[in-house]
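Enquirer: So the chains spell out like this:
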Amino acid sequence: MPVDTPLTDERIRTESWIARLMKRPELGSIAGLILVTVFFLITANSAMFTLSGIMNFLSPAAQLGILAIGAAMLMIGGEFDLSIGSMVAFAGMIFGALVVNLGLPLIVAIPLTLAFAALVGVVNGQLTIRTGLPSFIVTLAFLFILRGLTLVGLKALTGGSTQLRGLREATAQDMLAPLFSGEAFKGLFAALARSGVIDTFPNGTPKVPGIPVEILWFVGLALAATWVLLRTPAGNWVFASGGDANAAANAGVPVRKVKTALFMFTAVCAALLAIMQVMDAGSTDARRGFQKEFEGIIAAVIGGCLLTGGYGSAIGAFFGSIIFGMVVIGLTYTQIDQDWFQVFLGGMLLLAVVFNNVIRKRVTGER
Amino acid sequence: MPVDTPLTDERIRTESWIARLMKRPELGSIAGLILVTVFFLITANSAMFTLSGIMNFLSPAAQLGILAIGAAMLMIGGEFDLSIGSMVAFAGMIFGALVVNLGLPLIVAIPLTLAFAALVGVVNGQLTIRTGLPSFIVTLAFLFILRGLTLVGLKALTGGSTQLRGLREATAQDMLAPLFSGEAFKGLFAALARSGVIDTFPNGTPKVPGIPVEILWFVGLALAATWVLLRTPAGNWVFASGGDANAAANAGVPVRKVKTALFMFTAVCAALLAIMQVMDAGSTDARRGFQKEFEGIIAAVIGGCLLTGGYGSAIGAFFGSIIFGMVVIGLTYTQIDQDWFQVFLGGMLLLAVVFNNVIRKRVTGER
Amino acid sequence: TDIVVVAHGQANDPFWSVVKNGVEYAAQRTGAHVEYRSPETFDMVAMSQLIDAAVNQHPDGLVVSIPDADALGPSIERAVAAGIPVISINAGSDVSKKLGALLHVGQDEKDAGMKAGEKLREMGGKKGICINQEVGNVSLDQRCAGFAEGFGGNVKVLPTSSDPTEVEAKVRAALEADPEIDTVMALNASVAGEPAVAAVKALGRVGAVRVATFDLSAGFLESVAQGDATFAIDQQQFLQGYLPVDFLALYAEYGLMPGGNVPSGPNLITQDKAAQVVELSAKGIR
Amino acid sequence: MMQDSKFHHGEAATTAPIIRLEEIRKHFGNVIALNGVTFDVRPGECHCLLGDNGAGKSTFIKTMSGVLKPTEGRILIDGQETSFSGPRDAQDAGIATVFQDLAMIPLMSVTRNFFMGREPTKGRGLFKRFDHRRANEICVEEMRKMGINLRGPDQAVGTLSGGERQTVAIARAVHFGARVLILDEPTSALGVRQTSNVLSTIDRVRRQGVGVVFISHNVRHALAVGDRFTVLNRGQTLGTAVRGQISAAELQDLMAGGQELAELEGSLGGTI
Amino acid sequence: MMQDSKFHHGEAATTAPIIRLEEIRKHFGNVIALNGVTFDVRPGECHCLLGDNGAGKSTFIKTMSGVLKPTEGRILIDGQETSFSGPRDAQDAGIATVFQDLAMIPLMSVTRNFFMGREPTKGRGLFKRFDHRRANEICVEEMRKMGINLRGPDQAVGTLSGGERQTVAIARAVHFGARVLILDEPTSALGVRQTSNVLSTIDRVRRQGVGVVFISHNVRHALAVGDRFTVLNRGQTLGTAVRGQISAAELQDLMAGGQELAELEGSLGGTI
Ligand SMILES: Nc1ncnc2c1ncn2[C@@H]1O[C@H](COP(=O)(O)OP(=O)(O)OP(=O)(O)O)[C@@H](O)[C@H]1O
Ligand SMILES: Nc1ncnc2c1ncn2[C@@H]1O[C@H](COP(=O)(O)OP(=O)(O)OP(=O)(O)O)[C@@H](O)[C@H]1O
Ligand SMILES: [Mg+2]
Ligand SMILES: [Mg+2]
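Chains as they are written, first to last, in the numbering used here: chain F, 1 to 367; chain P, 1 to 367; chain B, 1 to 286; chain V, 1 to 272; chain L, 1 to 272.
Honestly, the hints are just simulated from the structure, not real lab data. The reader is advised that the hints may include incorrect statements.
[Claimed, not checked] List of simulated lysine-lysine pairs, DSBU-like, C-alpha gap at most 30 Å:
no. : chain 1 : residue 1 : chain 2 : residue 2
1   : F       : Lys155    : B       : Lys119
2   : F       : Lys155    : B       : Lys126
3   : B       : Lys97     : F       : Lys155
4   : B       : Lys201    : P       : Lys186
5   : V       : Lys69     : F       : Lys257
6   : B       : Lys98     : F       : Lys155
7   : B       : Lys156    : P       : Lys207
8   : P       : Lys257    : L       : Lys69
9   : F       : Lys207    : B       : Lys115
10  : F       : Lys361    : L       : Lys69
11  : B       : Lys115    : F       : Lys155
From just these sequences and the hints, can you work out the full model?
Expert: Here it is as structure tokens:
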């Protein structure tokens, strides 16, 4: 929000640019990211910060982030969706059925899958709005229902197994496949490898064949969500609906429509992730996305979203996802015993958010 | 809250006693409970509603309920504790170590375990209050940390296993043991069995040897929590702190103390459950209480607690736990294919809360 | 020598904690530096990322379990392409060779389930339930599927959480709702096996209902010894942790490697053997 | 006290009402808030709604602006019976409201609150976006007109002073008020300068043909700008008076529900 | 307008102040809300704090009641320097406050709000409990004194009308006010009857030796009960006047920050 009023008011002190930056919810989480990075620079194997190491932790971060951006938007709009983790499995199952069992091409299967997800989003939204129940409990019901349907569906599709396979073969030749799986900029990376700029395997192929597409989607989504939130009327409605649904409705914001759209967006994000995961893995099972709803919310909260709604940012969720992804994968590069993993994960999370907070308060002079 | 103002105001319509009852948050969830009961009376095997069947689903419901009542109090006070599930495992480990490895009697071990839990509660509370971070993220860190410490601790205590055992032997002779494990009123039930009032096994022992102690604790806690909430100044402070912490502090409520006390109470409830579970099972392992924080919150929300704080009741959490426990166990008594378990669980939860809501609105004439 | 183990079971899973103990024991004996890694839940996507992370550090050997060859295949092939010797454990004996692993240590979950099912049918079982505390975890689902196949069909899966109280209540409910059930198969000894024994005891049907379990726990073994439970299936998973590390250490040093797969189980622990195993199980070795 | 003000007062009584509510009843559970209230607003008039605390004024204007659905009663716009399904419907019918609770989002900036639901945009198609620069300019300007110099239009509304916040709500309603402007105690938190600005603003918009509904507990403010005065008491209409037919003291008596006032008349010169 | 009121006015200037704040400064991040304000209250006087919207009045009284910590400045109680670590400290020093935002919990009943933090109990030991019956009685009675007949003391505060809610806050502060009573625009949402009750209540408690701080935008209300008048402008004190030394018109000019008022003086008889 650029301000162009002349700041000649004697009631205003001058403020450093850092203070102004740190006040923005979208940038508050940077301090935590720096802390975590420094920690791993010191403790982790140097392989972590090679190109392939970075791709390696960015890729799960990006997958989490795609969920987290959806979750963040919805949280800013004042609601939760606990069913996104189950949606990853459910949408994966639907997508698998369309591609493997029905043999549809991606250009049909992907829109259909996304439409299915959006439909569930509408149901979540309408139930929440019409009953006036908290979205926590409504989407919780769908957490169970979707997960259960996935199990039943997979068994029906495979004749008893909970794992559906053969997706890689079914999609390998599709023109749209490169958009949703594998790596982008392969040619560029191959050229860089030939000229020795990036590492190669003994057989001459580059260690990093390209940028995993999920990272591009992640960045794209974060930018798009930020644009919508900060630069469009719809973004204003999202903040208003989450800040105080009553006041927003009284002021003429179409709160119900906004919330329903957000539920749809969140579900579609989950389905998008499901499609990418399924195409990358070539298989799907009934436990995909387990507890991802939780991780998505964690990333959004690390990134500065308020659970009570009305405050937060997509860029915050972006950094939050990177922090979370880095901590989860980073341990692999350290000498720490796996038994201590959870202690370490919890400690790092706490440290990152507390550090963040301390820095922000120090810099902006709050309290 | 008895009112003794004469209701002779022309601005008031008369209201049925049902309407007045349904308005109370503590009783709102009764409609859901009735619905679920009727459903199982119709669909489930008649064994479900025999005395032993009832004890069978009440016992897990009571265990969940002990957590849910703590969670509900804390939610009414405006905070979350996601670490209670991990606390069940952690406190179980501490208790096991005290009893088995140190050989302490229960009269020392139990207070020590509860004190440990309370200490973690204080840490959670103080971190939340002092940093101003949402309790969601602070206690989430402890969800991981406590779970991790349990694993590390158990391995250290057992020399490599994740299961610590020998608790039954160590506590069997202790005078306090009957308070925390096994069944109460055994004499009464034996007498009833002799006189043929309740079913017996062929060898003459009653099928239900008594009331599992957790059910008594559950009822006792629910009553005590309700007393505190509705009948004491402290209860008023809890509602106020959760309703609007700022306003409450401005009005002179010691909000920080109240919240810290609630975090302690919640942790102690979890530890109490851990002690009972461990003594009943005779062993503890690193996975105890997994996701129980979640179920506790679910039960509290089914029982009418608002996630935003300031509204809810312990009796609501009581009924919420019974609904949840009944649905989880009940399906096993029906003919429904168990693959559908999660679909069914989600559907029943949704149905119970929606039904609840519809009935309440209908009866109280809201909107 | 640096060796990384990436397994699909968590460090706090009783079964996998024994594997991990085997890994550590081998590390101690061979002097190799070994790290054990696993995803936080049964998550194939996360696991493939952990394998990638391991490959990046270019260890001298990699040990992986392969419950989903489709999802993990590319990462394993990448490790092989990078010149890292790979040994597979536990799940994936059928695809191990194809993906380029040197050999497989362990035993297929489904086979183990089948052996148990056959044994229980021989003992007179007609109708059984299979307690699955993590439905959707493919390796657990396979145990149930194998059991059903070996048992001869009449098997229902009972999904539960990993809360012993809930397991006990559900087993009681299932047994009361259908008195014909005479066999209970648990997929985990401490989480499901012990509560199942307790449920049968509470109903006063010890002996009439046979309880068996995958994996071991001291408590369950004691029940087996006392005759309250029938048997436990031991995969000797300690070996699945110990042997690959030992092999890879030798391979790194002298280039030695056995010529074929090593089956680590199954091994049925019945009443006669149970007592001896209790202590080892309490230490996390069996 | 009854000298005429400098304001122009329309010949309201002659024109047809823009909006008319008939026999409105509203129950909340067992509470009867409105028990048959009839009210209308004509173009170019300022119709004051007066009454004791809890008389039902806010409930009534919430019905008028689509926030509440009446339990019974009819709403007519330009003589046509309508029903509002939400505040947006009322806005589309040209009704802008300043609610007593202001309907502001504390965490959002002044500008974002000002334009909430009616954001100015620039660009087109995918690039259609919230025109922050223009929004900020309009907002600062409208606030200045009301007598508030904002530190910056991006200050969160939650950190504004009570009067500043109220001014944002008024400025917003005036800016968007098309046919009817409803003000529920708009001057309660305002300073003298801001109050006089609001009163003269009411006069200005009335002159443009907008119908104004003005709720106040201040007899002097009501008399200064009102053309008609309707008094509510315990959910019912006590009647409507036309400007010049009623004295300040009579009005004040009606507003107090006919009950005795504490003894301080003298020091307040008759009206409070 | 300067006829004396019927109220008793204490010889405040002669006694020592109960509380004195010196050179208070308060910054919020880059916002300077108070820039050196000195203020005191003596027993038995009503000290009015006046000023334009956003002048810093609420910020100042929040400092006085322990809600905010001043960035700089000293607080003296009975001549002793103190610092409040929270509102409870100030309450323990005998300061009761009606905040502009009222500090009410919407979801809680009127009685529970009324006694929030200071619940009456009966019984002892484990059976010590909130005495609901007595609390309800006191609450209904105190509200009646202020001119509000509650439907029932268990109505949620969130469903009260604006004026009813404000009355609860005032009645609460008066009931518990021990030595100093701070009222931040207490009459803003009140009806005429309730307003006159509040003004006479101020007079009553002052007579009992309580020091009252009264914030208002209504010159007439301030003049009716005030003994001294301190005017704030843009975070700074413009000076303090004693009753009788200043006219309504002068005071109104000061309150408007010396800026021109819109043209409606005539119709309002000089003061708004
Ligand atoms: N949602 C509700 N539930 C129950 N009672 C309500 C509700 N809303 C309002 N009331 C009651 O209806 C009556 C009228 O309230 P309303 O807010 O309309 O009064 P008002 O005339 O605006 O008063 P004020 O001048 O104090 O603002 C009040 O007594 C109030 O307690
Ligand atoms: N937390 C805050 N952060 C930033 N600015 C603030 C904060 N609180 C108050 N202010 C600013 O400080 C100034 C003084 O506010 P204050 O509420 O004290 O005014 P006031 O004199 O009470 O005004 P009113 O008569 O409108 O109630 C205002 O301009 C307000 O915008
Ligand atoms: Mg009102
Ligand atoms: Mg103020």
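Enquirer: Would you mind marking each hint as holding or not holding in the structure?
Expert: Going down the list of hints, with the structure as the test:
1. The straight-line distance between the Cα atoms of lysine 155 of chain F and lysine 119 of chain B is roughly 27 Å, inside the 30 Å bound, and the hint therefore holds.
2. Distance check on the hinted pair: lysine 155 of chain F and lysine 126 of chain B sit about 24 Å apart at the alpha-carbon level, within 30 Å; holds.
3. The hinted pair formed by lysine 97 of chain B and lysine 155 of chain F meets the criterion: a straight-line CA distance of about 28 Å does not exceed 30 Å.
4. Using a Cα cut-off of 30 Å, the hinted pair lysine 201 of chain B and lysine 186 of chain P holds, with the two alpha carbons roughly 17 Å apart.
5. About 20 Å separates the Cα atoms of lysine 69 of chain V and lysine 257 of chain F, which keeps this hinted pair within 30 Å; it holds.
6. Among the hinted pairs, lysine 98 of chain B with lysine 155 of chain F is consistent with the structure: their alpha-carbon atoms are about 27 Å apart, no more than 30 Å.
7. Distance check on the hinted pair: lysine 156 of chain B and lysine 207 of chain P sit about 26 Å apart at the alpha-carbon level, within 30 Å; holds.
8. Of the supplied pair hints, the one linking lysine 257 of chain P and lysine 69 of chain L holds, its CA atoms being roughly 20 Å apart against a limit of 30 Å.
9. Using a Cα cut-off of 30 Å, the hinted pair lysine 207 of chain F and lysine 115 of chain B is violated, with the two alpha carbons roughly 44 Å apart.
10. Distance check on the hinted pair: lysine 361 of chain F and lysine 69 of chain L sit about 16 Å apart at the alpha-carbon level, within 30 Å; holds.
11. A threshold of 30 Å between alpha carbons decides the hint, and for lysine 115 of chain B with lysine 155 of chain F the separation of about 23 Å falls inside it, so the pair holds.
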